[in-house]
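Novice: Residue-level listing of the chains:
There are 2 protein chains.
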Amino acid sequence: MQTLSIILFGVGGVGNALLRQIMEQREFHRAEYGLALRVVAVCDSNGAVIADSGELDNAVLGSILAHKESGGRLRTHAQGGPQGDLVGIVDIAGRDGAVVVDCTASDATVPALLFALDRGYKVVLANKVPLTVDLDVYHAITRAGATGDFTRHLGRSRWETTVGAGLPVIVTLNRLVASGDSVARIAGTFSGTLGYVMTGLQQGKLLSEIVREAYDLGYTEPDPRDDLGGVDVARKALILARGLGWKLNMRDVTIEGLYPPSMDELSVPAFLEAVSQLDADFQERVQQAAAEGKVLRFAALVEDGHCRVGPTVVDADSPLGRLSGTDNLIELTTRWYTPNPLVVQGRGAGVDATAAGVLSDIVELAFVE
Amino acid sequence: MQTLSIILFGVGGVGNALLRQIMEQREFHRAEYGLALRVVAVCDSNGAVIADSGELDNAVLGSILAHKESGGRLRTHAQGGPQGDLVGIVDIAGRDGAVVVDCTASDATVPALLFALDRGYKVVLANKVPLTVDLDVYHAITRAGATGDFTRHLGRSRWETTVGAGLPVIVTLNRLVASGDSVARIAGTFSGTLGYVMTGLQQGKLLSEIVREAYDLGYTEPDPRDDLGGVDVARKALILARGLGWKLNMRDVTIEGLYPPSMDELSVPAFLEAVSQLDADFQERVQQAAAEGKVLRFAALVEDGHCRVGPTVVDADSPLGRLSGTDNLIELTTRWYTPNPLVVQGRGAGVDATAAGVLSDIVELAFVE
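Same order as they appear, the protein sequences are chains V and W. Its first residue numbered -18, the first sequence is counted upward by one per residue in this note's numbering. Its first residue numbered -18, the second sequence is counted upward by one per residue in this note's numbering.
In case anyone wonders, no lab produced these hints; they're calculated from the structure. Treat the hints loosely; a few may be bogus.
When chains are identical, the list treats them as one kind, so a pair holds in a single copy or across two.
Said to hold, decoys possible - Listed next, the in silico DMTMM-like pairs over lysine to aspartate or glutamate satisfying Cα-Cα at most 25 Å (straight line): (1) K228 with E13; (2) K228 with E8; (3) K186 with D207; (4) K109 with E13; (5) K228 with E5; (6) K109 with D72; (7) K275 with D296; (8) K275 with D298; (9) K49 with D333; (10) K186 with D298; (11) K186 with D245; (12) K275 with D260; (13) K228 with D117.
In isolation and in its complexed conformation, chain V is listed as follows (with noise of 0.2 Å):
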């Protein structure tokens, strides 16, 4: 039986899933693979349960899970405790082997994260943060257990989840650059609630009405800016075009957001009032497109060397023209996939999606040195 340590940063949404999966698939791993994942130790933003020897078993991880659900902190559960800082954490919990799994969505890892690489531990991130910052940070987490001064190594870290949820976007990128094969275009949708506001406009609904429909319903962000202006969506090309080696920081990524910087300043109530002074421009462009024979996406577009994400014109009966609703997908077009790219298609988004993803990650590591 071979065992594998998890350190995780982030529960809550997709820590709290992959949590309950691991629980859940204990008995699987350890019969099919001869795996015996051991959690131990699980941190939030200010707490943290650290396994005194052993592991957190599946009592304990319910507890974790109970009390997280009801509204607690890591800090308030019984075995909790302040969380110090993470790179401690790791320091004392990290054994031979161990994974850190970052679920978070910050830049406060970052040292942690590092910290684990440099003693020789694995690392799974579905945050798309440390990526998008500093290139030497990118290039230390990819590039994870190579030996020399390398660009690249398929070793002791995974990234699948940052772009697309739990649909094989990285490892696919990452196989064709590791055969040579040439990539000329990346195009894709990275945000299903981006989807399915260009769906609305594409069935001739206004996008002060669609907005507020998402809103009412949840599919956004509380403050629906943070899905309608692109940033999200941007980190997910940043870190595509640096899969192919380019050497490009967020601020090289053009990002045109569906509603103007004007709004930014705006209470949300206000800014889902002014949202109707945009209708009749992106009506107008619809329009303008389906003239064309062509579709108005919210698109990622990685080519000649530069990177833009915004609302894109594209051939109805391509790929990307005929996906409609929240569905993620990514056209790879190269040397051996053109005319016709090579595509992958599905939810991209999704707390028990993305948790299986990391949790793929995190199998497919115990078997690398």
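Mind docking chain W on chain V? Use the hints.
Specialist: Here is chain W on its own, set in the frame of chain V:
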């Protein structure tokens, strides 16, 4: 610099393309991954070229490609000789961490693959046959590197290109399974030739007309029944079903080819004439499907413990239904990917795309213990 020695079974076709890509990407793999891929032996069906010491460098590999492309056999190459047996070649040429790459289409490689695994070497298969004969052989290959008697292992073997060529089909399936996601249904088209035929039917052409055209254009095997019979697709369906842990064999796969077994006895020209007897039936099936908003595809279905391959009526607005032309497509409907399936789509054939997939497998294995 890390080195990985490659023993290649099968030159010609995919094997040739692989050697060419290895030569072309040598500097890239060294510079970016710190990886030196060293071809130490290549074999065809009755000859071999084996490096005395070191490796077969680009000059030798180039001369092998030229020799093969001019119709020569390896036994008559300047450095070539009779093959002896493949086990012996693995024995002589194998080194620590060697990878045996099977680009043949025969079961003659099985003893050498098993011998290589016993030695602790790695294996990459583009060859479907070893994975579709005995279940024991399937398990031995796919759980290469397991230290106990476990069913699954994400270790020292890869077989991505056995289904959908370079498309990320096996890695996607293995990742879903590893997370404990439950795959309820796999549906896909895995033959460019059959995709071409079904698209033609959809456009109102006659079966006999399309088959004749595809044959004349060289889109089919020399005997088009090798495509139209569906056995190759059935092998792919079986590999997917076994990937789910199902204990099935080829005899358990229900195959409905595009022509009746009675036509197996005909010569190729007589067969091409006889196909017109089937025209009316297929025309009717396509029309009947269309009347219900559906389309006819040549699909593989893996569902409810059963594998079925043959003409299949699918919803016109499903991913399979929207596909046209020669691209392959797989839909995976699972606990987390429902009602919309996870979809992978793109070119699923061609020696270059296949060789690139094999090369990705090789590079991945360089980073696995």
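Novice: When the structure is checked against the list of hints, which entries are broken? Sort them ascending.
Specialist: Structure breaks no hint.
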